[in-house]
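J.: Here is how the chains run, residue by residue.
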Amino acid sequence: MHIMEGFLPWQWCIVWWLIALPCLAFGVWQLKKVMEKDREALPLLGVTGGFIFILSSLKLPSVTGSCSHPTGTGLSAICFGPWITSVVCAIVLLFQSLFLAHGGLSVLGANIVSMGIVGPLVGYAIYRLLKDTSVNIFLTVFLATALADMFTYFTTSLELALAYPAEVGGFGTSFVMFMAIFAVTQVPLAIVEGIVLALVFKYIVALKPDILIRMKVFSEAQINKARGEA
Amino acid sequence: MVKNYLLEILAVVAVLVFCGLFLYTSSTMEGAEFAGSDNVGSNLIAELSGKSVDSFTPLIPQYEPPSGEIESCLFALQAALGGIFVGGVFGFWLGQKKSLTETKVNQ
Numbered sequence: 476m477h478i479m480e481g482f483l484p485w486q487w488c489i490v491w492w493l494i495a496l497p498c499l500a501f502g503v504w505q506l507k508k509v510m511e512k513d514r515e516a517l518p519l520l521g522v523t524g525g526f527i528f529i530l531s532s533l534k535l536p537s538v539t540g541s542c543s544h545p546t547g548t549g550l551s552a553i554c555f556g557p558w559i560t561s562v563v564c565a566i567v568l569l570f571q572s573l574f575l576a577h578g579g580l581s582v583l584g585a586n587i588v589s590m591g592i593v594g595p596l597v598g599y600a601i602y603r604l605l606k607d608t609s610v611n612i613f614l615t616v617f618l619a620t621a622l623a624d625m626f627t628y629f630t631t632s633l634e635l636a637l638a639y640p641a642e643v644g645g646f647g648t649s650f651v652m653f654m655a656i657f658a659v660t661q662v663p664l665a666i667v668e669g670i671v672l673a674l675v676f677k678y679i680v681a682l683k684p685d686i687l688i689r690m691k692v693f694s695e696a697q698i699n700k701a702r703g704e705a
Numbered sequence: 026m027v028k029n030y031l032l033e034i035l036a037v038v039a040v041l042v043f044c045g046l047f048l049y050t051s052s053t054m055e056g057a058e059f060a061g062s063d064n065v066g067s068n069l070i071a072e073l074s075g076k077s078v079d080s081f082t083p084l085i086p087q088y089e090p091p092s093g094e095i096e097s098c099l100f101a102l103q104a105a106l107g108g109i110f111v112g113g114v115f116g117f118w119l120g121q122k123k124s125l126t127e128t129k130v131n132q
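Top to bottom, those sequences are chains Y and L. Just so you know, the first sequence maps onto residues 476 to 705 in the numbering used here. Just so you know, the second sequence maps onto residues 26 to 132 in the numbering used here.
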């Protein structure tokens with residue numbers, strides 16, 4: 476989902492940076508508040524953030540004959556909300572643009588918006604929608620993480636289509652073309668990512684249910700029910 | 026028994042299907058290079074804007090890993106960092122849980 480350095484006109488770089496910066500600032504502020512409130516939240520952030528580090532470094536082959544990587548942002552979005560997640564993503568993306576030539580400093584804003592903001596925001600929205608329903612919590616985690624992954628690539632396609640509308644057909648044609656590259660490749664990866672993160676969540680529930688209950692990620696009744704099942 | 030490990034089984038099946046898909050694609054699809062979708066995207070940008078890929082130069086100068094080996098080394102480092110966090114915390118929680126049940130038993 477990285478837009479490569481130099482591949483986005485500077486006007487668009489500024490636009491996406493302007494969107495990303497306030498979100499990051501809010502995320503840092505939220506993070507400080509969460510940590511002051513409950514030191515036990517720090518290990519949870521370590522696990523959810525750790526998976527963003529791991530999954531976003533795995534470039535996996537897909538059915539389209541090209542490679543792409545999962546994002547791993549959904550779990551963090553569920554536990555900490557989208558804004559704190561964008562701070563963790565920004566750290567990963569900064570590392571990748573400084574040392575790996577994946578993305579770059581000028582396009583960092585655009586990449587943060589796709590992977591760190593829109594993806595987690597969609598995942599968080601799905602989670603909030605399903606949270607208080609009778610839907611199994613692991614299914615909720617699966618859907619939230621898989622869709623956070625998908626929408627990250629959806630956003631990358633959108634960002635590129637806005638900057639490079641096709642001569643014939645304009646924005647819409649470009650968008651379809653970029654979606655064909657990014658989104659189609661991503662479907663199998665998103666499904667596997669969803670299942671793996673649901674499994675990870677099962678282990679968090681088994682080992683540290685109290686932190687999930689205290690942070691009101693899921694209600695006590697839901698966690699206990701899942702523990703009975705798990 | 027099966028119900029208890031449903032997620033584990035699903036995860037293994039999903040990974041196996043994923044590997045199967047890869048083997049199938051790589052053996053049947055012609056021209057499957059398994060390049061990064063980032064690069065495929067960049068090629069499309071070049072096509073849409075009518076410029077060559079090489080004419081896109083970084084707006085802000087950046088370090089580029091001199092070879093694929095260095096790049097994969099740095100990626101492995103990133104994954105290792107994440108792995109340390111995850112493993113460390115799960116171990117910490119496991120210890121916490123254990124000591125908690127032990128204190129309960131002792132009381």
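Worth double-checking, as some hints may not be accurate.
[What the hints assert, rightly or not] In silico EDC-like cross-links for lysine to aspartate or glutamate, where the CA-CA straight-line distance does not exceed 20 Å: (1) Y:LYS534 to L:GLU58; (2) Y:LYS691 to Y:ASP607; (3) L:LYS122 to Y:ASP685; (4) Y:LYS606 to Y:GLU511; (5) Y:LYS691 to Y:GLU511; (6) L:LYS122 to Y:GLU515; (7) L:LYS122 to Y:GLU695; (8) Y:LYS691 to Y:ASP513; (9) Y:LYS691 to Y:GLU515; (10) Y:LYS534 to L:GLU94; (11) L:LYS129 to Y:ASP685; (12) L:LYS122 to Y:ASP607; (13) Y:LYS606 to Y:ASP685; (14) Y:LYS534 to L:GLU96; (15) Y:LYS534 to L:GLU89; (16) Y:LYS700 to Y:ASP607.
[What the hints assert, rightly or not] The following residues of chain Y were derived to be distant from chain L, with all beta-carbon distances above 12 Å: (17) LYS534; (18) ALA673; (19) ASP685; (20) ILE698.
Everything labelled a hint here was simulated from the structure, so no lab data went into it. C-beta atoms are modelled at their ideal positions from N, C-alpha and C, and glycine is treated no differently.
J.: Are the hints correct? Go through all of them and say.
T.: Results for each hint:
Distance check on the hinted pair: LYS534 of chain Y and GLU58 of chain L sit about 13 Å apart at the alpha-carbon level, within 20 Å; holds. Restraint check for LYS691 of chain Y and ASP607 of chain Y: the C-alpha separation of about 11 Å stays at or below 20 Å, so the hint holds. About 11 Å separates the Cα atoms of LYS122 of chain L and ASP685 of chain Y, which keeps this hinted pair within 20 Å; it holds. Between LYS606 of chain Y and GLU511 of chain Y the CA atoms are separated by roughly 26 Å; this puts the pair beyond 20 Å, and the hint is violated.
Straight-line distance between C-alpha atoms of LYS691 of chain Y and GLU511 of chain Y comes to about 16 Å, which keeps the hinted pair within the 20 Å bound. A C-alpha spacing of about 13 Å is found between LYS122 of chain L and GLU515 of chain Y, which places the hinted pair at or below 20 Å, so the restraint holds. Restraint check for LYS122 of chain L and GLU695 of chain Y: satisfied, since their Cα atoms lie roughly 18 Å apart, inside the 20 Å limit. Taking the CA atoms of LYS691 of chain Y and ASP513 of chain Y, the gap is near 13 Å; set against the 20 Å cutoff, the hint holds.
Simply put, LYS691 of chain Y and GLU515 of chain Y have alpha-carbon atoms about 14 Å apart, close enough for the 20 Å limit, and the pair holds. Note on LYS534 of chain Y and GLU94 of chain L: the hinted pairing holds, with a Cα-Cα distance of about 14 Å set against a maximum of 20 Å. Among the hinted pairs, LYS129 of chain L with ASP685 of chain Y is consistent with the structure: their alpha-carbon atoms are about 16 Å apart, no more than 20 Å. The straight-line distance between the Cα atoms of LYS122 of chain L and ASP607 of chain Y is roughly 28 Å, outside the 20 Å bound, and the hint therefore fails.
Note on LYS606 of chain Y and ASP685 of chain Y: the hinted pairing holds, with a Cα-Cα distance of about 17 Å set against a maximum of 20 Å. The suggested pairing of LYS534 of chain Y with GLU96 of chain L holds, with an alpha-carbon distance near 12 Å, which does not exceed 20 Å. For the given pair, LYS534 of chain Y sits about 18 Å from GLU89 of chain L by alpha-carbon distance, which is consistent with the 20 Å threshold. Taking the CA atoms of LYS700 of chain Y and ASP607 of chain Y, the gap is near 14 Å; set against the 20 Å cutoff, the hint holds.
At the 12 Å boundary, the C-beta of LYS534 of chain Y falls inside the reach of chain L, the nearest C-beta of that chain being 6 Å off. Not every Cβ of chain L is farther than 12 Å from the Cβ of ALA673 of chain Y; the closest lies at roughly 6 Å, contradicting the non-interface assignment. In this structure ASP685 of chain Y is not separated from chain L by more than 12 Å, as the shortest Cβ-Cβ distance comes to only about 10 Å. For ILE698 of chain Y, the requirement that its beta carbon stay farther than 12 Å from each beta carbon of chain L is met, with the minimum near 15 Å.
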